[in-house]
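Given only the sequences and the hints, what does the whole structure look like? Please build it.
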Amino acid sequence: MAEAIVPPTKHDAAADKISLITGSEAIAVACKLADVDVITAYPIRPYDTVMQYVAKMISNGEFDCEYIVAEGEHSQFEIVKHASACGARVFCGSSGVGWMYAMEALTVTPALRIPMIAMVGNRALDDPGAFGTEHNDALAVRDLGWQLVWVDSPQEALDVALIAYRVAEDRRVFLPCAISCDGAFLTHSQAMVKVPSKAKVDAFLPRYDRGDLLLHPDNPITVAPQANEDWLMEIRRQTAGAMERSPGVIREAYASFARIFGRDYGNPFFEQYMTDDADVVLVGMGTLSTPVRVAIRQMRAEGKKVGFVRIRWFRPFAAEELAKTLGRFKAVGVIDRDFSLGSPGESGVVVNDVRAALYQSGARPPVVGFIAGLGGREVTVPDVKKMSEIISAAAAGKQQPATTWIGLRE
Amino acid sequence: MAVSDRELAELVKLRPTQTLDAFKGVKKLPLEEFFTSGHRTCQGCESALVMKLMVKAAGPRTIVLGSTGCMYVANTTYYSTSWVVPWMHTQLGSSGSAALGAAAALKSLMRKGKMKDEPINVIAFCGDGGGADMGISAISATLTHPDYNCLILMYDNESYANTDIQLSGSTPYGAHTTFSPPGSRKRIMHHRWKKNMAAMMAAGHPSCRFVSTVCMSYPVLAMNAVRRSLTIGGPTFIHSLDPCPKGWDYDPMQSHELGELAVTTGIWPLWQVEDGVLSLIGKTRDIADGRLKRLPVRDYLLRQGRFAHFTDDDLAYFQNKVDETWHKWVIPGVIPFRREIEADEPPKA
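Same order as they appear, the protein sequences are chains A and B.
One gets my numbering by counting positions in the first sequence from 1 and adding 1095 to each.
One gets my numbering by counting positions in the second sequence from 1 and adding 15 to each.
Because the hints were derived from the structure by calculation, they are not lab data.
Each hint should be verified, as a subset may be incorrect.
[As the list claims (entries may be wrong)] Label-pair restraints from in silico Cβ distances: (1) A:Arg1346 x B:Ser222: 54 to 62 Å; (2) A:Ala1497 x B:Arg200: 38 to 46 Å; (3) A:Arg1332 x B:Ala331: 23 to 31 Å.
[Said to hold, decoys possible] Some chain B residues judged to face chain A by a derived CB distance under 7 Å, without partners named: (4) Tyr93; (5) Trp98; (6) Ser112; (7) Ala113.
[To be verified] Here are the simulated DSS-like pairs of lysine-lysine, each with C-alpha atoms no more than 27 Å apart in a straight line: (8) A:Lys1151 x B:Lys127; (9) B:Lys67 x B:Lys28; (10) B:Lys129 x A:Lys1127; (11) B:Lys131 x A:Lys1293; (12) A:Lys1400 x A:Lys1481; (13) A:Lys1151 x B:Lys67; (14) B:Lys127 x A:Lys1293.
If you're wondering where the values come from, they're calculated on a predicted model, not measured in any experiment.
Glycine residues also receive a C-beta, built at the ideal position from the N, C-alpha and C atoms.
Next up, the structure:
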């Protein structure tokens, strides 16, 4: 798709507004900037702060949208699903078991090619009850056609929310996207955020056009009839095709974002930190990037060449690119803030995708898995150093366990 | 200080609705169909008739959302859709949410100038499983929203008829279903009484301005209920009782007659509530006013294979329960509360 030429406007010349806001508020602001039409809310910590900000903007007259407080997450996601089918730009979200309560709705949304944007305030799944972050909620939909992206700062949350609308609503994609924000660490933590002007957002984000899929009396289509074995596979293949086109559209969107907003995220799919000369690397998603970076800087001072790769987009998974990057290190350690019980290596979810990606590549360094920070437990600097030692031992040819639980009381 | 109606209207800003006047009689119905060939429902399926007449009553500027059930699985087949108006599937328990989502989208897009401003009907339907069982929470929630124009229609064939005839919360007492087969030790496997869904919706949702029970054996009454609900606006609810040859086990040619018997035996009262005012309608009104004698329930029950295992005692029990709804309830057949003095009376020997 050709890039629209940005007309110079007064607003463009104006500097971004700098605000001290949380990750949740950043996404609420992105919803306002994107002129979202229908939003549904239901309370569950920690994602629900985004809806509190949305509600306040609406009650203050700053934001015009239909805002519905649903009676459960299943309804919350079904309401916006149908609103999107009728041409509305939509937003909703959830956390933990709330997200799982919506699972049926989450399942059908990609198959219906609904470009819903949802925020997941990552939270441990009950039981036992825990408010803290854990990635199993969002990861539960990883096979279903949801695009999944993890952000690690309020600025990235705002930017990626705008990018997500652009990607999801691109007719080549038309798939939903969940933006994962670690509970508390991001949903409730403030940072200085450059809030762009509406003019810039309008230049970046075209209107949602559902085209000939619009549910409207002028376009009397039948959506999702009973297809059975006659056509199910062909329809499923079309959804798969949309996911296959998503990486290209994501690249375009990030490039366009950099031009219009002046913030360049480089490779959209993953970020590298001190990897240029690294011997070994840690791989992870979300806000554990902060202690990892601090620990790496300390280890670098001690002469240990450790780097970090932060995966942003988990679906689509940039397998080839990631394998190419990771293949050049002596060993790789993947930190999962999730678990995949009974999986190969009794590991987490992410490490097995990394292993699968590397299997196809020529260079296959040892890969060790870590399970850390479950239920919101802090991943500390000593934790990161301990993980780095295990990776370094693997690099030196010493056999390491496939998975090590880090920060666990024995 | 209480919020005045005018202030509430300002908060809600309900969109205008289509004005759909009542049809004057079956010969005055429009010929145009918006639900046509292409479906593969059973012979004698009353629910398919409900779909056809519901959308005929609503007209072409209508969006229909259908939750999983017979009217999805058997009714809406890929490449042979019977819907002339736009139609979308929704999940089993989501008719309320589907209606709300579509109505909210139209409202938002029209207000913001992103869509041509015109009144468009939104109808979501569900079966008794999708409505009275799984979807009751979402339907109830939708009926509390004064902000959106939408109708939820529950077509009640009294079982999960598409999945093999399993009992639902709307299956009558004692009925033989594949989940409640009479056996050598237990003749009555299903001993729950049918939910009083329409009355529950009418009594519990102050923002809902119109609730009605209908039966397509009385098609003009039913279609006019659809037209009234769409005209009056806000969230509305219609509960239709649909005889089902497969689930009830009778000859398909008797569907119409069984619908009539459900009403004339007093098992299925026809009524509507508009702005809090209840009226009994059709034959039910005749029964209540003494112009028509209620037929015994056995005339209705024994026409159906699902009650073939009933003994005289079972029939008497069923009759007694129906009589109670007519003699002891505050509103015959509708509101299941007894006046205190009656409740205090010891049961007659």
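(message) Given the hinted pair Lys127 of chain B and Lys1293 of chain A, is their Cα-Cα distance within 27 Å?
(response) holds (16 Å)
(request) With a cut-off of 7 Å on the beta carbons, see whether Ala113 of chain B makes it to chain A. (result) At about 5 Å, which falls below the 7 Å cut-off, the nearest Cβ of chain A leaves the hint on Ala113 of chain B intact, so it holds.
(message) Tell me if the straight-line CA distance from Lys129 of chain B to Lys1127 of chain A falls inside 27 Å.
(response) holds (16 Å)
(message) Given the hint of 54 to 62 Å, is the C-beta distance from Arg1346 of chain A to Ser222 of chain B inside that range or not?
(response) violated (48 Å)
(message) Given the hinted pair Lys131 of chain B and Lys1293 of chain A, is their Cα-Cα distance within 27 Å?
(response) Within the cut-off at roughly 24 Å; holds.
(message) Does Trp98 of chain B hold up as a contact with chain A if the rule is Cβ-Cβ below 7 Å?
(response) Holds. Min distance 5 Å.
(message) For the restraint on Tyr93 of chain B, tell me whether the closest CB of chain A is nearer than 7 Å.
(response) holds (4 Å)
(request) With a cut-off of 27 Å on the C-alpha distance, tell me whether Lys1400 of chain A and Lys1481 of chain A pass. (result) This hinted pair holds, its Cα atoms lying about 14 Å apart.
(request) With a cut-off of 27 Å on the C-alpha distance, tell me whether Lys1151 of chain A and Lys127 of chain B pass. (result) holds (20 Å)
(request) Quickly compare the C-alpha distance for Lys67 of chain B and Lys28 of chain B to 27 Å and report which way the hint goes. (result) The given pair, whose Cα atoms are some 32 Å apart, is violated under the 27 Å limit.
(message) What's the verdict on Lys1151 of chain A and Lys67 of chain B, does the C-alpha distance respect the 27 Å limit or exceed it?
(response) Cα-Cα ~44 Å, so violated.
(message) Hint validation: Ser112 of chain B versus chain A, beta carbon distance must be below 7 Å. Holds or violated?
(response) holds (4 Å)
Checked against the numbered hints given earlier, this structure breaks hints 1, 2, 3, 9 and 13; the rest are met.
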